[in-house]
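Engineer: The lines below spell out each chain.
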Amino acid sequence: MTSTAPASEDVRAALADIVNEVAGIPVEDVQLDKAFIDDLDVDSLSMVEVVVAAEEKFGVTIPDDEVKNLTTVGDAVAFIINAKG
Amino acid sequence: MVTTRRVLVTGLGATSPLGGDVASTWQGLLDGRSGVTQLTDEWAEGLETRIAGTVAVEPTEQLERVRARRLDRSGQFAVVAANEAWADAGLAVEAGADPLVDTERLAVAMASGIGGVTTLLSNYDALLQKGPRRVSPLSIPMLMPNGPAAAVGLTIGARAGVHTPVSACASGNESIALGIDLIRLGRADVVVVGGTEAAIHALPLAAFSRMMALSKRNDDPAAASRPWDAGRDGFVMGEGGAALVLESEEHARARGAKVYAEAAGAAITADSHDIAQPDPEGLGATRAMRRALVEGGLTPADIVHINAHATSTPQGDVAEARAIRQALESAVDRVVVTSTKSMTGHLLGAAGALESVATVLALHHRKVPPTINLDDPEDVGLDLADKVRDLPAGDAAALNNSFGFGGHNVAIAFRTV
Numbered sequence: 001m002t003s004t005a006p007a008s009e010d011v012r013a014a015l016a017d018i019v020n021e022v023a024g025i026p027v028e029d030v031q032l033d034k035a036f037i038d039d040l041d042v043d044s045l046s047m048v049e050v051v052v053a054a055e056e057k058f059g060v061t062i063p064d065d066e067v068k069n070l071t072t073v074g075d076a077v078a079f080i081i082n083a084k085g
Numbered sequence: 001m002v003t004t005r006r007v008l009v010t011g012l013g014a015t016s017p018l019g020g021d022v023a024s025t026w027q028g029l030l031d032g033r034s035g036v037t038q039l040t041d042e043w044a045e046g047l048e049t050r051i052a053g054t055v056a057v058e059p060t061e062q063l064e065r066v067r068a069r070r071l072d073r074s075g076q077f078a079v080v081a082a083n084e085a086w087a088d089a090g091l092a093v094e095a096g097a098d099p100l101v102d103t104e105r106l107a108v109a110m111a112s113g114i115g116g117v118t119t120l121l122s123n124y125d126a127l128l129q130k131g132p133r134r135v136s137p138l139s140i141p142m143l144m145p146n147g148p149a150a151a152v153g154l155t156i157g158a159r160a161g162v163h164t165p166v167s168a169c170a171s172g173n174e175s176i177a178l179g180i181d182l183i184r185l186g187r188a189d190v191v192v193v194g195g196t197e198a199a200i201h202a203l204p205l206a207a208f209s210r211m212m213a214l215s216k217r218n219d220d221p222a223a224a225s226r227p228w229d230a231g232r233d234g235f236v237m238g239e240g241g242a243a244l245v246l247e248s249e250e251h252a253r254a255r256g257a258k259v260y261a262e263a264a265g266a267a268i269t270a271d272s273h274d275i276a277q278p279d280p281e282g283l284g285a286t287r288a289m290r291r292a293l294v295e296g297g298l299t300p301a302d303i304v305h306i307n308a309h310a311t312s313t314p315q316g317d318v319a320e321a322r323a324i325r326q327a328l329e330s331a332v333d334r335v336v337v338t339s340t341k342s343m344t345g346h347l348l349g350a351a352g353a354l355e356s357v358a359t360v361l362a363l364h365h366r367k368v369p370p371t372i373n374l375d376d377p378e379d380v381g382l383d384l385a386d387k388v389r390d391l392p393a394g395d396a397a398a399l400n401n402s403f404g405f406g407g408h409n410v411a412i413a414f415r416t417v
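These protein sequence lines are chains F and X, in that order.
Using this note's numbering, read the first sequence as starting at 1 and increasing by one per residue.
Using this note's numbering, read the second sequence as starting at 1 and increasing by one per residue.
Some hints here could point you the wrong way.
[Unchecked claim] Under the rule of at most 30 Å between Cα atoms (straight-line distance), these lysine-lysine pairs were calculated in the DSS-like manner:
| no. | chain 1 | residue 1 | chain 2 | residue 2 |
| --- | --- | --- | --- | --- |
| 1 | F | K57 | X | K130 |
| 2 | F | K34 | F | K57 |
| 3 | F | K68 | X | K216 |
No lab work stands behind these hints, which were simulated from the structure alone.
Just chain F, same shape as in the assembly (with noise of 0.2 Å):
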């Protein structure tokens, strides 16, 4: 079976891009280890915009109930290849 999941460095930039236009923190500060709220700053209004945009570049679904557990941008990353895998 092929898989469609996209390479971890491909959504990490891609993320990035979209934490910079909605937060304005530099692409590359937006790196794996990095938490939203703790380390980038991006308060939680500006999460909710990140989620929906991320949902529309993507093509995947992010639940409401899920965002809590995205902690890094790594858990992001993660949970996005999962759902486009």
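Add chain X to chain F, keeping to what the hints say.
Structural biologist: Chain X only, in chain F's frame:
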């Protein structure tokens, strides 16, 4: 506790159809330049009125990108204008950073007539077209009418209260009246007051058109706003924001602030006549002007200039002229009256604030901007400024009038210092 503290104007800010700051706006007014243009966007096709006074400088060019995208356009105008006023007052634009101002004695009164209407409508479009999850999580803080005031308060760190007077097209002046009260009541030492409006969109334009309130002079936008001219056929919608820093005299003197004028008095009355039509006798407006004079310790003979509400509607301009004559009686003959809306269009909830900036500058520079398009002036018994007019030297005072749907009348009296 009501004090007798004098209230001074120590900073001015504006973004308008004539310019992105006070200096360019004031120059545009003195030049008699119209800021009204045709609306060429697709959304304006089919509207009865396709002209408006859009801002000369887009606020997204004046604000940091992320800051701008979290604000409704009306909030953007408010922050641009307030930042300029704050810096003009010699204060540092960073919340709580200025040691000269105690933030617990700092308030904001930033009005809007309509609120974040374009945010409301664009999010409704998103809801219908893409579903409820595509409604922005920022839509509520962006569309709430107090959003601009709150944004200004956050910017400068105001902790003595953040207010949003709403009285349609009198809102901007009502915020100034409130600011004067807050200082006189001893509730604040410094208040950033003003108004903002960003309603140039198909729905408000169509709605005002259905009230038969807007000019339809689509082919000649610069000539469309023509207060007191016999050919006037309604107002022209404008957009923008304006802000003034009001400060107790004690506070301003202690920090050696530059002073433009004294905000000497204000009065708010209601017509109790009709939800939209002005009282043809102008009684509520007359009372507002008279009471502003009394509150300022002024008499009609002190007044040298009035920046009128005069929006270029057939009825309103005449009713106000009658009110001015009634309020000033025989002293009206030496009062130079103008309507800067002839150049800016009608900024609705920001009008009183922008026109108060113009009134303060008229006293400060002793120059009254003209009323343009007065080709066939109606005889309303006033000395209308059809060109730039000089004001006399010495102690002088001026009035700014603003009236709003709902029968709101607000007059502010400014005096030279």
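Engineer: Can you confirm whether the C-alpha distance between K57(F) and K130(X) stays at or below 30 Å?
Structural biologist: Roughly 14 Å between the alpha carbons, so the hint for K57(F) and K130(X) holds.
Engineer: Take the C-alpha atoms of K34(F) and K57(F), compute the straight-line distance between them, and say whether it is at most 30 Å.
Structural biologist: Given that 30 Å is the threshold and the Cα spacing comes to 21 Å, the pair holds.
Engineer: Taking only the CA atoms, is the gap from K68(F) to K216(X) under or equal to 30 Å?
Structural biologist: Measuring from Cα to Cα gives roughly 54 Å; hence the hint is violated.
The structure shown violates just one earlier hint, number 3.
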